[in-house]
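Protein sequence lines correspond, in order, to chains A and B. Quick note on numbering that gives the first Met the number 0: the first sequence kicks off at 0 and runs consecutively. Quick note on numbering that gives the first Met the number 0: the second sequence kicks off at 0 and runs consecutively.
Some hints could be false.
[What the hints assert, rightly or not] Think about it this way: if two alpha-carbon atoms lie no more than 20 Å apart in a straight line, the pair counts; the simulated SDA-like pairs of lysine to any residue are:
#1 Lys90/A x Arg386/B
#2 Lys6/B x Lys74/A
#3 Lys6/B x Thr112/A
#4 Lys74/A x Arg127/A
#5 Lys129/A x Val5/B
#6 Lys90/A x Pro392/B
Honestly, the hints are just simulated from the structure, not real lab data.
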Amino acid sequence: MTTLPPPTLASAHATHAAHAKGATKIYGTGDSEVHALEDVDVAFERGKFTAIMGPSGSGKSTLMHCIAGLDSLTKGSVFIGDTDLSKLSDKALTQLRREKVGFIFQAFNLIPTLSAQENILLPLTLGRNKGDQAWIDRVVDTINLRDRLDHRPSELSGGQQQRVAIARAMASRPEIIFADEPTGNLDSKTGSEVLSFMRRAVTDLGQTIVMVTHDAVAASYADRIVFLADGKIAGEMQSPTAQKVLDYLKHLGE
Amino acid sequence: MFRLAVKMTVARTGRLILTSLAVILGTAFLSGTFVFRDTINQTFDRLFSDVFRDVNAYVRSTTFLELDFGGEQRSATPVSVLEAVRGVEGVTSATGDIQAFARVIGKDGKPLGSEGNGPPTFGGIASSDSAGLWSVTEGRLPSGPNELLLDKATADNGDFVVEDIVRVVAVRGVREFTLVGVASYGDISSPGGATFALFDQPTASEFLLEPGFVDAILIEGDDSVSDEVLAQRIDAALPADLKLETLTGAEITAEVQGQIKDVLNIFSTFLIIFSYIALGIGSFVIYNVFSITAAQRLRENALLRAIGASRRQVSRALLIESTAMGVIGSLIGFVAGIGLSQLLSALLKATGFEVPTQGLAISSSAFINTFVAGVVVTVLAAWLPARRAGRVPPLAALRDTALDTAGNITRRVIIGLVILALGGIGLASSMRDAPIQILGLGVLGVFAGILVLGPAIARPIALTIGIPVAKLRGVSGAMARENAARNPKRTSRTAAPVLLGVALVTAFTALAASIRSEIRDTFSEAFAGDIALTVDSQGFGGIPLTITDQIARLEGVAQATGVGFTSVRISDPNDPSDSQAAAPNASQRGVFVQTINPDTIDGLFDIGVTEGDLASLGRDGIFVDAQRATDKGWKVGTRLQITRIDGVIIDAEVRGLVSGDTSFANYVASREMFADSPSPIFDAFVYIKVAQGAVVSDVQARVAAVSSDTGIGTLQSKEEFIDDQSASINQILALIYGLLGLSIIIAIVGIVITLLLSVLERRREIGLLRAVGMTRAQVRTTVRWESVITSLLGAVSGVVLGVVIGIVVVAALSDEGDIAFRLPVQETMWIVVISFILGVIAAVYPAWRATRVNIVEAIAST
Numbered sequence: 000m001t002t003l004p005p006p007t008l009a010s011a012h013a014t015h016a017a018h019a020k021g022a023t024k025i026y027g028t029g030d031s032e033v034h035a036l037e038d039v040d041v042a043f044e045r046g047k048f049t050a051i052m053g054p055s056g057s058g059k060s061t062l063m064h065c066i067a068g069l070d071s072l073t074k075g076s077v078f079i080g081d082t083d084l085s086k087l088s089d090k091a092l093t094q095l096r097r098e099k100v101g102f103i104f105q106a107f108n109l110i111p112t113l114s115a116q117e118n119i120l121l122p123l124t125l126g127r128n129k130g131d132q133a134w135i136d137r138v139v140d141t142i143n144l145r146d147r148l149d150h151r152p153s154e155l156s157g158g159q160q161q162r163v164a165i166a167r168a169m170a171s172r173p174e175i176i177f178a179d180e181p182t183g184n185l186d187s188k189t190g191s192e193v194l195s196f197m198r199r200a201v202t203d204l205g206q207t208i209v210m211v212t213h214d215a216v217a218a219s220y221a222d223r224i225v226f227l228a229d230g231k232i233a234g235e236m237q238s239p240t241a242q243k244v245l246d247y248l249k250h251l252g253e
Numbered sequence: 000m001f002r003l004a005v006k007m008t009v010a011r012t013g014r015l016i017l018t019s020l021a022v023i024l025g026t027a028f029l030s031g032t033f034v035f036r037d038t039i040n041q042t043f044d045r046l047f048s049d050v051f052r053d054v055n056a057y058v059r060s061t062t063f064l065e066l067d068f069g070g071e072q073r074s075a076t077p078v079s080v081l082e083a084v085r086g087v088e089g090v091t092s093a094t095g096d097i098q099a100f101a102r103v104i105g106k107d108g109k110p111l112g113s114e115g116n117g118p119p120t121f122g123g124i125a126s127s128d129s130a131g132l133w134s135v136t137e138g139r140l141p142s143g144p145n146e147l148l149l150d151k152a153t154a155d156n157g158d159f160v161v162e163d164i165v166r167v168v169a170v171r172g173v174r175e176f177t178l179v180g181v182a183s184y185g186d187i188s189s190p191g192g193a194t195f196a197l198f199d200q201p202t203a204s205e206f207l208l209e210p211g212f213v214d215a216i217l218i219e220g221d222d223s224v225s226d227e228v229l230a231q232r233i234d235a236a237l238p239a240d241l242k243l244e245t246l247t248g249a250e251i252t253a254e255v256q257g258q259i260k261d262v263l264n265i266f267s268t269f270l271i272i273f274s275y276i277a278l279g280i281g282s283f284v285i286y287n288v289f290s291i292t293a294a295q296r297l298r299e300n301a302l303l304r305a306i307g308a309s310r311r312q313v314s315r316a317l318l319i320e321s322t323a324m325g326v327i328g329s330l331i332g333f334v335a336g337i338g339l340s341q342l343l344s345a346l347l348k349a350t351g352f353e354v355p356t357q358g359l360a361i362s363s364s365a366f367i368n369t370f371v372a373g374v375v376v377t378v379l380a381a382w383l384p385a386r387r388a389g390r391v392p393p394l395a396a397l398r399d400t401a402l403d404t405a406g407n408i409t410r411r412v413i414i415g416l417v418i419l420a421l422g423g424i425g426l427a428s429s430m431r432d433a434p435i436q437i438l439g440l441g442v443l444g445v446f447a448g449i450l451v452l453g454p455a456i457a458r459p460i461a462l463t464i465g466i467p468v469a470k471l472r473g474v475s476g477a478m479a480r481e482n483a484a485r486n487p488k489r490t491s492r493t494a495a496p497v498l499l500g501v502a503l504v505t506a507f508t509a510l511a512a513s514i515r516s517e518i519r520d521t522f523s524e525a526f527a528g529d530i531a532l533t534v535d536s537q538g539f540g541g542i543p544l545t546i547t548d549q550i551a552r553l554e555g556v557a558q559a560t561g562v563g564f565t566s567v568r569i570s571d572p573n574d575p576s577d578s579q580a581a582a583p584n585a586s587q588r589g590v591f592v593q594t595i596n597p598d599t600i601d602g603l604f605d606i607g608v609t610e611g612d613l614a615s616l617g618r619d620g621i622f623v624d625a626q627r628a629t630d631k632g633w634k635v636g637t638r639l640q641i642t643r644i645d646g647v648i649i650d651a652e653v654r655g656l657v658s659g660d661t662s663f664a665n666y667v668a669s670r671e672m673f674a675d676s677p678s679p680i681f682d683a684f685v686y687i688k689v690a691q692g693a694v695v696s697d698v699q700a701r702v703a704a705v706s707s708d709t710g711i712g713t714l715q716s717k718e719e720f721i722d723d724q725s726a727s728i729n730q731i732l733a734l735i736y737g738l739l740g741l742s743i744i745i746a747i748v749g750i751v752i753t754l755l756l757s758v759l760e761r762r763r764e765i766g767l768l769r770a771v772g773m774t775r776a777q778v779r780t781t782v783r784w785e786s787v788i789t790s791l792l793g794a795v796s797g798v799v800l801g802v803v804i805g806i807v808v809v810a811a812l813s814d815e816g817d818i819a820f821r822l823p824v825q826e827t828m829w830i831v832v833i834s835f836i837l838g839v840i841a842a843v844y845p846a847w848r849a850t851r852v853n854i855v856e857a858i859a860s861t
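This is chain B alone, in the form it adopts within the complex (with noise of 0.2 Å):
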């Protein structure tokens, strides 16, 4: 029967290949996803074996802060250490390394690289050393301090050639150099897209972070010893009081390449769970399909039946169909998703965010997650209807009709309400402080609740919609709309994919118009200045603090001031439970503190102060977030103990409390706290009041003059201000709209499949209408408006039960309702008008398979 069963499968291959599509691009997208990670990894795995080929052992302080994302902050390394490695036996030479920010000023005054998301731009120091990281393809070394070498791609991207002078913005401000050399990194003109600046090592230490230190050491050995050997040598070797480590080479590759991995991998997780949505989706499309063939080759099943298989023998020839269908949809899949994968990384390289991709890695962790899943999906959605088609009974062969068993309608009904109502409970709850998974729990009883339903709303929904239709298009349309209504099963289960899709959209947008709507509020209530100047660095680099105290004092400046972030470890030490006091120096995660300039921030910015004064803020003083406050149980006077990432402790208290709607930290503190920190801190905003009786466009100028010197920041007016942090959302929604789209994209492949299948099953039907005078367009017209209608009965659907699901998002996000519920309008009838105009694409082919129906063979055929 096996055999059989493959061989009957077989037969069918052009259906088969159809029916797959759901699960091949359900699959082409979570392959795409997984083979775009690996190759991305395998990259910098490549990248940073080879660039550490020949470093043998690495020195770094232990103090760190670990940061968001899998990024960390170390402490500086003094100089002097370098003298003590250099002594030890089997060393051949040691050199500093920085990796701090420095930005390259292009010939047009423009700096180089993507400001924003973009790759990092990068300054450090350029060493003869074998252990250095860069290699000199051009020119020579950078020697004092007037001179740098450039990245090769960098080099290449400015325009800038030995002997020409390069301006660069770093933590000291903007300083002129000659390029005296162009270097690659390792095999490559320039990782990851990110700008080299390089200097001699005094000089990168004094310029980019702190006279005297450097980030790490790297260090040769002579191959007398194992590296293993060489590591424990240095350590014995390192003063103990400086807090430092030895790594050995193979050790700092390995983690250098695993900080990397953590970074993209939150990237590729987030693709691949949308991956997953979509399969998710695509199942719906399979279990469509099957459901489809099983009713229409009943009375084949019945006849296996009367002939004397088993119920379970028809149901297992099903299955075995639907796993042949998971296989080869996979595997196509699979290949699809490579293709897909180069598809990624054009796209991103296109938004600015390059993603160096060095061959392509195909792993088989890739194929085996892609294959199971699809195979596991597909015979999963199978299940259902491969039971249904073993329940046939056997006399259905000796009928004529070829029904989808109605079901019971009443028993339907009640369960959908059922499941409904509890998580319409579940929501409601969520909307009074119910914990956050009480609102999962409820959207997805919701989902399930609807989708019970369908088959018996379906009906008088699609009679609604197609009302117009039937009026407009008259015969063609008034079929349609029977059309769509006459097997609601079939309807709703095609709709439901898109009424999946259309409701996460629409509920997607809607948080986002309410969170945009309230940070414009906050935003123009808090700025009271006229010009913003804003670097989007992602919490690396920014504008130096004396650029910001230059803007203050130019002429017809009122008043200025800077906002910034830097990562700090806080303990409470009354806190006995409080790890981080237990154990100062373990690996810990760092928290973001806002620093701000308590001497020019009152009167321009206000960052919702509730308690306390900000003057009393000084170099030991700290603001707390009140909520935050409020579950450490801290209040105004706690002594709190916070730890600099140079490993600095200070013995801080507790001077206030602020809102948090407008800052962006838990925490906020003095620029005089970090003010001796070797590690730099750097403002992201600078707030500027023009005089009065100054002219804004005369001050905006002179603003742009100080900010295109350094080629730091963008100049916004207030309103663009606003503007600009209220669209940062938008981003965010950017990339959810296009992930949501490859759901969507199965959705509508959903409605064609379901379209054409309906156009075999009716082949009878169109044949005799044709025979009877129904003209070509006709035929068309009938489909296409079907289609319309079923994709907007989702699409509708989807919108009210999105807007709901938006309604209670909303709610339970705001902690005490201050994000009102705002429904984006335009963007939800761009939605339906989106879908009626897919549904119309949708149709295209069935409907000119339609018109293809020859009508004697149809009438004639039984």
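Chain A with its partners taken away, still in its complex shape (with noise of 0.2 Å):
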């Protein structure tokens, strides 16, 4: 990167829809400790697709958690936006959650007893939030499932489920959403069509997208890769391709 001044808070705002500072998660005590993360500065640009990547155990997922408020850092900040998670009550972060935050997970990502269009709107009903009718308009659009909506989660394939949950990530316009190895459980064809989805949002509709995934192939429809590996930050990666990642982890498994 080049020689912009260091960010202050509200350069920060402007820039980044969230960041960590000095993030570090120990799991255990004494000789048992195991530290998930270690001293982690990260931040994650607006209206950009962001994908982290790292073998397993490299606190990849950890880092996710932290910074979407599922779970706190041993030491260290982390902000959504210019908001201090460490600082929120438990009541605090579940308004956050609601509002700034969305969530695409690998599996189990619907309420099997609700339609698509109840679980797209769900985060709004919980907040009594009628939300903005024309983004959900959008949304739909964008994620083709306008002729879906009044299915139950059974009656709808894998990748139409997974669509669903993107738009149900989309519906409150978060600050940022977070997608959990959105296509782990997908074939690659319906995989691939979930990333364009993912894409898109992102290109059209200025969403910005933090995946954590091992697949190169997902990641390099992200527009820049964070790799993680033992805790720690290992480099980064902007307009990445399939191959030069690939080539990337092969150089960074040496």
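Starting from the two chains in their separate frames, assemble the complex, guided by the hints.
Have a look at this one:
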């Protein structure tokens, strides 16, 4: 990177949807102590699609959970926008998840008893918020699911279910969306379909997405990749392609 | 969110109904008893409004004694009053009314109507006046000392037709009458299954009561004035010295309706209490079901939390679901209860306690009571699981394992032991004469302590019980054992309802067994005779004293004596706080007094005299239970005022004390005290000693001839009599068993539901086992034995707890250790065997469901 001045809080707010400073996560105590994260500094740009990659146990899921406010850090701080998560109560964290954060999980993404439409609107319903109908219409059109809205999750294919999950994550027009191996349970064709929809959500609708994956092809859909190894940032890559990623990983492994 | 919660609830209707089963059963029993009570009450309400339709005024004595169970015994009214009443302006007719003991003897020589707990057998007056309660449907009214009228049901049952000769036994002995007609009471052939023998007034008074007396006077007016005015006029015309009162038709109707309700309500209150116990036990099942479903939906709830649902929203969704369950369950339960009430009527009819029911009375209060109780219990039972569900960390959505959180075992053990110890202290102190409330609290404490400890002790106990299962059933048995122990919290919550039910049953059984053997010992010591004639008349009617005397004169009878009961009012004139002395005519509770014949009882039946000589009883002497005398501060020589039913006051003296073990009342008087009373007394027992040299069976045949002649009582040998006395406890026990059975059924349903949910939860695991070669039969075996282990876990700990409580209760109830605790070994073993069988039955459906698991789907699904 170049010669930009160190980011102030205001400028961080302006360009970063979320960032972490000195993020440290330790599991267990004494001899069984495990450092899942060690003094990680990372920031995620607004309106960009970022992938986090790394081998199993590298701490990529832990990093995502902590930034998303699902888990707490042992040391350091995490910001969504300019809100310091470590200072928030459970109630405020819930509020934040509802309004500023969206989630896409690997599996068990939807409430089985609700229709696709109800699942999409769930974060809004939970906050007694009607939401922006025009935005929701755009989202639904983007993921191309208008004719399946009345179906229950069990009546949808895996790819369709994941698209509903993307729409739900976007429904409240959150600051940032976290996706945890969103294609892990899908075959490569539906997987690439889902990834294209995520790409369009960023490009066309200006959403911010952070995705954890270990699939080089999936990561190549991102604008930027952050590599993690042994709980530390191991490097990053802009405008990746699958080949570049594979090469890098090979290099990282050596 | 509310709308969504409702939707999520509705989407699970199938499971909702399944889990509502406990609510449905609990509320069905409750609503069944309510509807049953209301139906009976309505029937009697209608009956009496109908019967008293033409009665505008009612004259009766103001002197009466209140009896136990809401009954009352009122003194008689002289017939001469009839003339005075007939002269009052506005009176069309006045007729006497008698309701006294009379028993119709069937053509086969056996009395009609059931003896014992069945409906009473009455004698009364048949009158042409429209104010009379009976209407003749066939033949004519009786007239003169040799004619009678029967109610239609009795005539039909006895196969009597007009012109038949009918034998009737009443206070004056046995007589034969010619049947001249058949009548109905209001619109029905016989109220409450009672039998009625009706005579003209002079015959009825003489044969049933006392010549020249009736129980009350029924009056019809000419409708020229209101009933109130008519009653006032009649009242003014009554002789002041006779202590009479006049009621309007509406007043007497309401009073009679109220009296019958009081009696019935004791019974239905008993039923309702046990229904609430059943519902309480059901609440454990509901609690368990919610805990399991909340654990199974952990990931779903975590997902909700992750995408922004607050703790309260997650909890609330579960509470809404529980409310829906409560509402639906209570509604279904209420409807099911209506059917159940019909079943209850049929059941009582089959046991000889026929209750008349016309139509169905479904009151709003029955509905509200059932509904509110059902919903409140359900929501309360769901409260903790709902709160726990709200506390699920959002991160759990991303993890695989769905665990029922183990909680802090050490804290649980400490709290459980403390509660248990407190309960134990309560029990121990109640064994040393602490008040009975302490006993109740102690039992509650022990129950609560065990329930808290449950999850901590369930695992080792289940593993121990499972050892033989694992030995006998190989791999399947070993897996069943591990399954029963793998979630000790769930297992203990499933076994808890069984434990409660079994503990109650065991405690009652142990108590009954101890009392039973105590009664046996006491009576075999006290009864020195060979034969006993007993009538279980529940304070109404019995063996006329003339029959007793007749038996005493039989050939081969060395000695015969009768023991009976009546009620009197006893007041201590020297005790200013004794309200009975202050207002002798006010409504007061009477006491039971045992009447004996002091001339013949000596050496035949020992009523446990501890001080004084029975020969000194006389007309104005009384013996008092020693404990009662101590409580009241009385001793031999204390003067007491005894008020008889007819209002006559006797200045009496305490002439002795009895131990109370073999007397059936706290007071003993000579039959001489009541010789001149217009309200007759009866014997309930006649004890007979056979003369030396006479053959017992011959004498028995002669006594049988007399008693079957009069159609009264049951003739028993000494052994049979003693068995019978101790068996009376069995009737109560049977009723309690029946009612606790409801709780056990709910407990079993709890096992079924838990197993079903466990099978659903372990679908993947079962699929995997099937994939690697477990047969369907093996799957079934595994589920079945898990059920049996759980059921036995509850039963075995319930038996242990029940025996402990039984020991304490027996000790607390016996004053000076005079009742020894007896372990009902046989019954206890039956309880365990039955629990075993119920465990097998409970597993049938869940085991079948387990075998239906589709292997491929189960493994593929996540």
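Hint by hint, here is what the structure shows:
{"no.": "1", "hint": "Lys90/A x Arg386/B", "verdict": "15 Å, holds"}
{"no.": "2", "hint": "Lys6/B x Lys74/A", "verdict": "42 Å, violated"}
{"no.": "3", "hint": "Lys6/B x Thr112/A", "verdict": "8 Å, holds"}
{"no.": "4", "hint": "Lys74/A x Arg127/A", "verdict": "35 Å, violated"}
{"no.": "5", "hint": "Lys129/A x Val5/B", "verdict": "19 Å, holds"}
{"no.": "6", "hint": "Lys90/A x Pro392/B", "verdict": "13 Å, holds"}
The structure fails hints 2, 4 (numbered hints given earlier, in ascending order).
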